Amino acid sequence: MANAEGGPIRTLLLVGVIAAAAAFAISASHEFSKDRIAANRRARLIASLNSVLDPALRDRDLATVRISVTDKELLGGGEPVDVYVAEDEGQPVAAVFATARTEGYNSTIHLLIGVSRDGVLTGVRAVSHRETPGLGDAIDVQKSKWITHFDGKSLASPARERWAVDKDDGDFDSITGATVTSRAVVKGVKNALLYFERHRDELFSAAAAARSHADAEQ
Amino acid sequence: MQNSNGLREVVAVGFWRDNPALVQLLGLCPLLAVTTSVVNGLALGLATSSVLVVTNTVISIMRRALVPLVRIPLYVLIVASLVTCVDLLSNALLDDLHETLGLFIPLIVTNCALLAQAETVASRRPVHEALLGGLATGLGFTAVLAALGALREVFGHGTLFAGMPMLVGERAAGLEVHLPFGGMLVAILPPGAFFGLAALLALRSWLTRERAARTPAAAPASAEAAQ
Chain A
1 MANAEGGPIR TLLLVGVIAA AAAFAISASH EFSKDRIAAN RRARLIASLN
51 SVLDPALRDR DLATVRISVT DKELLGGGEP VDVYVAEDEG QPVAAVFATA
101 RTEGYNSTIH LLIGVSRDGV LTGVRAVSHR ETPGLGDAID VQKSKWITHF
151 DGKSLASPAR ERWAVDKDDG DFDSITGATV TSRAVVKGVK NALLYFERHR
201 DELFSAAAAA RSHADAEQ
Chain B
1001 MQNSNGLREV VAVGFWRDNP ALVQLLGLCP LLAVTTSVVN GLALGLATSS
1051 VLVVTNTVIS IMRRALVPLV RIPLYVLIVA SLVTCVDLLS NALLDDLHET
1101 LGLFIPLIVT NCALLAQAET VASRRPVHEA LLGGLATGLG FTAVLAALGA
1151 LREVFGHGTL FAGMPMLVGE RAAGLEVHLP FGGMLVAILP PGAFFGLAAL
1201 LALRSWLTRE RAARTPAAAP ASAEAAQ
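These protein sequence lines map, in sequence, to chains A and B.
Quick note on this note's numbering: the first sequence kicks off at 1 and runs consecutively.
Quick note on this note's numbering: the second sequence kicks off at 1001 and runs consecutively.
Be a bit skeptical, because a hint or two may be false.
[What the hints assert, rightly or not] Below, a sample of chain A positions facing chain B; criterion: calculated Cβ distance under 10 Å:
| hint | residue |
| --- | --- |
| 1 | V17 |
| 2 | A21 |
| 3 | A23 |
| 4 | S33 |
| 5 | K34 |
| 6 | D35 |
| 7 | I37 |
| 8 | P92 |
| 9 | L135 |
[To be verified] Below, simulated SDA-like cross-link-like pairs (lysine to any residue); rule was C-alpha separation at most 25 Å, straight line:
| hint | chain 1 | residue 1 | chain 2 | residue 2 |
| --- | --- | --- | --- | --- |
| 10 | A | K143 | B | L1185 |
| 11 | A | K143 | B | D1096 |
| 12 | A | K153 | A | K34 |
| 13 | A | K34 | B | G1174 |
| 14 | A | K145 | B | L1185 |
| 15 | A | K190 | A | D137 |
| 16 | A | K145 | B | L1107 |
| 17 | A | K34 | B | S1090 |
| 18 | A | K34 | B | M1166 |
| 19 | A | K34 | B | L1046 |
| 20 | A | K143 | B | V1054 |
| 21 | A | K145 | B | L1160 |
| 22 | A | K145 | B | T1159 |
| 23 | A | K34 | B | E1099 |
| 24 | A | K145 | A | A156 |
| 25 | A | K145 | B | I1188 |
| 26 | A | K143 | B | L1089 |
| 27 | A | K72 | A | R125 |
| 28 | A | K34 | B | V1054 |
| 29 | A | K143 | B | P1106 |
| 30 | A | K143 | B | D1095 |
| 31 | A | K143 | B | P1191 |
| 32 | A | K145 | B | E1176 |
| 33 | A | K143 | B | P1165 |
| 34 | A | K143 | B | L1046 |
| 35 | A | K143 | B | L1094 |
| 36 | A | K143 | B | P1190 |
| 37 | A | K34 | B | L1089 |
| 38 | A | K143 | B | M1184 |
| 39 | A | K153 | A | E87 |
| 40 | A | K34 | B | D1096 |
To be clear, the hints were calculated from the coordinates, so they are not data collected in a lab.
If you're wondering where the values come from, they're calculated on a predicted model, not measured in any experiment.
Each residue gets a CB set at the ideal place from its N, CA and C atoms; glycine is no exception.
Throw the hints in and build the complete structure from the sequences for me.
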């Protein structure tokens, strides 16, 4: 390989050419993928919102407005939480917390929580967590139906002091071997409902304002 | 004739004799992490293979121009940009699968099997041999990932081929097999990956030894490969 040593110029040139080719390949793939990736992300979001909405509202072309709220005490930590307010013909019909956080056994559990206008839960899903496989991961709807027991519950039923797992004299069964995880989920859902109860009108008016703002821009 | 023997040799070395996962023990991090089901193993294997084939080809085409001083950074640059492309394209076209494999597609960059191939095969061999070697190595890696995925899926979940539609479309939904037991959790947990890999390593050693015993002439070479 007589030419293998090369001079510094040749080396630089080679590196430059390869870097330029690499940059071109990446920007071409990005160009090709970005719309599809955005569409996939949107479809995933819609699918996940639908999974916790009232069945009567699913698959309808609801206008959703995203607002960002923060509540250190009720929504887990100081980070903002996205709340999607679904509107049907201009009237707010439901809100979806995406996602409220609660501290589980191993990790923070992210809960997707759907609440109807009158404060009744329409669905809860654990969307990301690192709870113990085989025990705490029963909060995944694929693994067990446990998390669907929240459907139709509200702060009135059961009464708010009964919002706890059975071991703490509450109305919710705990998952066998995963009391801490169950407790965390019940608490997270209850807190989100408390937040919704206190701030519902603010949420809905913020959503209406955001929507009229978006409409005005169009 | 000589030539086709040479190519056969390249394939045999890549797929079996120097199998990245079972002999060189390279790329074990993704191997152990994603093989909780056949479909995950297969998908990561195929992604790795596609990167391997392209990097091997590109590096082989440029092998005379590569300056030895900067060859390693260049390998890394080429591998990293290709992996980025695969990551973007799989996110666009195979979204569900991309969601499952998540972090492990970008991590293909750190798979030492790719650098090993670039250094030992692609930078020394003509293009067709490098391409074939990359393909054989990639498929060897894929086979081990899929086998380990199958073992862990059967013992851990009691299913086989669950989730295949994510990779090959809805037609594959009928492939899913449910076995009459619920599965043992340990097979899905990280230790299960080590047990499964150990079983595959033992199987390969045994096969190699059996073959060596049957053909005494080839014994020294095979025995060496087994070590």
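Hints not upheld, ascending by number: 8, 12, 13, 16, 20, 26, 29, 34
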